[in-house]
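Visitor: Now for the letters of each chain:
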Amino acid sequence: MSRERTESAGAVTVSELLSVVAARELTGQRAVFAGIGLPTLAAELARLTVAPEIEVVYESGVCGAHPSHLPETIADAVLITGAEAVLSMPALFGSVLQGGRIDVGFLGAAQIDRWGSLNTSVIGEWERPAVRLPGSGGAVEVMANAREVFVVMRRHTPRSFAAALDFCTTPGPDRALADGIRPLGAGVTRVVTELGVLARDGVGDELRLVAVHPGVTVRQVRAATGWELKVADTVATVDPPTDAELRLLRDDVDPHRVYLR
Amino acid sequence: MDRTAGKVMSMREAVAAFVRDGDTVSLEGFTHLVPTAAGHEIIRQGRRDLTVVRMTADIVVDQMLAAGCVTRLVSSFVGNSSAGSLGELRRRIEHADPEPLAYEEYSHYGMVCRYIAGAQRLPFHPLRSYAGSDLPGVNPGIRKVTSPYPAADGTAEEIYVVPPVNPDVTIIHAQRADRRGNTQIWGLTGIQAEAVYAAEKAVVVVEELVADEVVRADPNRTVVPAHAVDAVVVCPRGAHPSFAQGYYDRDNAFYRSWSAISKNPVRLREWLAEWVYGTADHAEYVAKLGEEFWASLAVGEALSGPVNYGRRL
Numbered sequence: 001m002s003r004e005r006t007e008s009a010g011a012v013t014v015s016e017l018l019s020v021v022a023a024r025e026l027t028g029q030r031a032v033f034a035g036i037g038l039p040t041l042a043a044e045l046a047r048l049t050v051a052p053e054i055e056v057v058y059e060s061g062v063c064g065a066h067p068s069h070l071p072e073t074i075a076d077a078v079l080i081t082g083a084e085a086v087l088s089m090p091a092l093f094g095s096v097l098q099g100g101r102i103d104v105g106f107l108g109a110a111q112i113d114r115w116g117s118l119n120t121s122v123i124g125e126w127e128r129p130a131v132r133l134p135g136s137g138g139a140v141e142v143m144a145n146a147r148e149v150f151v152v153m154r155r156h157t158p159r160s161f162a163a164a165l166d167f168c169t170t171p172g173p174d175r176a177l178a179d180g181i182r183p184l185g186a187g188v189t190r191v192v193t194e195l196g197v198l199a200r201d202g203v204g205d206e207l208r209l210v211a212v213h214p215g216v217t218v219r220q221v222r223a224a225t226g227w228e229l230k231v232a233d234t235v236a237t238v239d240p241p242t243d244a245e246l247r248l249l250r251d252d253v254d255p256h257r258v259y260l261r
Numbered sequence: 001m002d003r004t005a006g007k008v009m010s011m012r013e014a015v016a017a018f019v020r021d022g023d024t025v026s027l028e029g030f031t032h033l034v035p036t037a038a039g040h041e042i043i044r045q046g047r048r049d050l051t052v053v054r055m056t057a058d059i060v061v062d063q064m065l066a067a068g069c070v071t072r073l074v075s076s077f078v079g080n081s082s083a084g085s086l087g088e089l090r091r092r093i094e095h096a097d098p099e100p101l102a103y104e105e106y107s108h109y110g111m112v113c114r115y116i117a118g119a120q121r122l123p124f125h126p127l128r129s130y131a132g133s134d135l136p137g138v139n140p141g142i143r144k145v146t147s148p149y150p151a152a153d154g155t156a157e158e159i160y161v162v163p164p165v166n167p168d169v170t171i172i173h174a175q176r177a178d179r180r181g182n183t184q185i186w187g188l189t190g191i192q193a194e195a196v197y198a199a200e201k202a203v204v205v206v207e208e209l210v211a212d213e214v215v216r217a218d219p220n221r222t223v224v225p226a227h228a229v230d231a232v233v234v235c236p237r238g239a240h241p242s243f244a245q246g247y248y249d250r251d252n253a254f255y256r257s258w259s260a261i262s263k264n265p266v267r268l269r270e271w272l273a274e275w276v277y278g279t280a281d282h283a284e285y286v287a288k289l290g291e292e293f294w295a296s297l298a299v300g301e302a303l304s305g306p307v308n309y310g311r312r313l
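Chains as they are written, first to last, in our numbering: chain A, 1 to 261; chain B, 1 to 313.
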């Protein structure tokens with residue numbers, strides 16, 4: 001990717017913080033299903049740092065992308081040229097995802113609940129919503145079939161970390177089990193937010209606060225969460241992004257600030 | 001029967017012949033090769049009461065909604081790609097403005113399975129999705145059945161299924177085809193083949209018509225064979241603002257601008273008046289954008305290596 005000089009180092013933005021922390025979570029991971037935006041940045045940064053062997057798989061059918069420029073969509077032409085494989089939708093969703101080949105799926109959402117179920121459909125009633133959101137896309141399939149799921153949320157508020165979802169588009173394994181169907185994966189295991197990191201182990205486990213960013217208190221995170229948030233016995237402080245991580249992110253991964261707002 | 005007869009036609013002829021009021025019309029192309037020019041011609045011809053089936057309902061669907069062509073939408077993603085939202089779609093769903101839109105919501109693989117079932121004339125298709133989701137509650141098409149075969153541990157296994165979709169017509173855009181409709185696509189091939197096979201009739205819009213020998217020199221590149229195709233329309237740059245791998249790049253600036261255009265219903269209708277109703281056909285739309293504009297979307301060369309199909313001596 002093109003190299004430009006880092007402009008003034010400047011303060012670390014939320015986008016940069018989330019990308020760096022999410023990239024570190026990908027240490028040792030192999031097949032990662034990434035969406036566009038922060039997951040793209042995290043996956044690319046991970047490829048340059050903690051997970052050089054990572055295979056990034058996109059919903060459009062691209063496996064093992066080696067883009068010359070930062071992709072602007074999951075189907076960007078730069079993801080195709082030089083990719084290791086490009087699959088049809090039945091192959092990608094059927095054989096790769098449902099076939100259990102994805103180690104980590106990345107998802108975002110408008111709302112998440114304590115069990116890691118997600119809403120990307122509507123705010124308000126489905127029939128006549130206050131806000132119509134884009135809907136599932138492949139998120140239902142990623143959640144149902146990836147070994148585990150990482151969620152990146154730009155905003156950590158009681159409305160987005162909701163006691164009850166307005167609509168459950170993408171159910172975690174606890175909801176699947178309650179519906180009489182044995183879940184394949186662990187569901188959401190990590191949530192990276194502007195305030196810290198939440199984690200859960202799998203079926204039957206609630207999200208709990210395991211780390212905060214420097215300067216953030218546990219009380220602050222609990223106040224920003226719409227349910228009574230469980231807190232780990234020891235809450236770590238996230239190491240701030242290093243100069244090296246920021247330099248790679250700003251100069252190599254997203255030099256034109258497509259996602260690094 | 002002559003397999004070539006009458007297959008190559010203009011966009012105007014193809015839409016007039018294959019898209020009728022009240023039809024179920026599938027437009028597929030996953031970000032790549034979106035059949036935009038076909039959507040615009042449907043708008044020009046004033047089709048009404050259509051059910052549009054499209055996995056990623058995007059700008060062209062927003063435009064068809066604004067033009068009053070669509071009463072029902074079947075989709076798994078309704079957004080302006082990663083560049084914002086669809087103003088007209090949101091007004092229709094959130095405020096029934098100017099009229100309600102019937103919306104059937106699925107997930108991506110749910111739609112893929114609907115096309116597979118449709119193409120193969122199956123009564124349903126199972127998938128490992130939807131367990132615990134609120135989607136089955138708002139979409140009676142998504143149902144749960146008990147597998148006729150016991151799971152590995154001997155217990156009965158429940159699984160969700162989706163119904164087939166069989167559009168009256170499927171329209172796709174592709175890089176090239178021969179006169180019979182043998183259609184070659186490279187890059188993202190999406191769900192186009194299944195969408196064509198699921199339909200009663202299929203129209204393929206291509207960047208260029210090529211000689212039979214070009215197709216036959218690389219038959220693995222043919223994603224849709226002639227037997228599934230009823231009409232071939234030659235329409236260069238007909239996927240804009242999306243892209244055709246190897247022909248022109250995606251117009252990302254237009255995607256970003258669409259959110260603001262479509263947020264304002266007056267601006268959106270002015271856009272339609274100028275760019276769709278105000279152009280006789282897609283060639284005029286292309287000319288109106290201008291050579292300098294198209295130069296900005298030009299792509300360089302990245303040729304695939306040749307393969308040897310072999311030849312019996």
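What the hints contain is simulated information worked out from the structure, not anything from laboratory work.
Even for Gly, the Cβ is constructed at its ideal location relative to N, Cα and C.
Heads up, some of the hints might be wrong.
[Claimed, not checked] For the chain A half of the interface with chain B, some residues (derived, Cβ under 7 Å), not all of them:
1) Ser60
2) His66
3) Ile80
4) Ala176
[To be verified] Just the calculated beta-carbon pair ranges, DEER-fashion:
5) A:Arg154 <-> B:Glu292: 36 to 46 Å
6) A:Asp239 <-> B:Arg216: 52 to 62 Å
7) B:Phe293 <-> A:Ile123: 51 to 61 Å
8) A:Gly202 <-> B:Ala96: 38 to 48 Å
Visitor: If any of the earlier hints don't hold here, list their numbers in rising order.
Guide: 2 and 7
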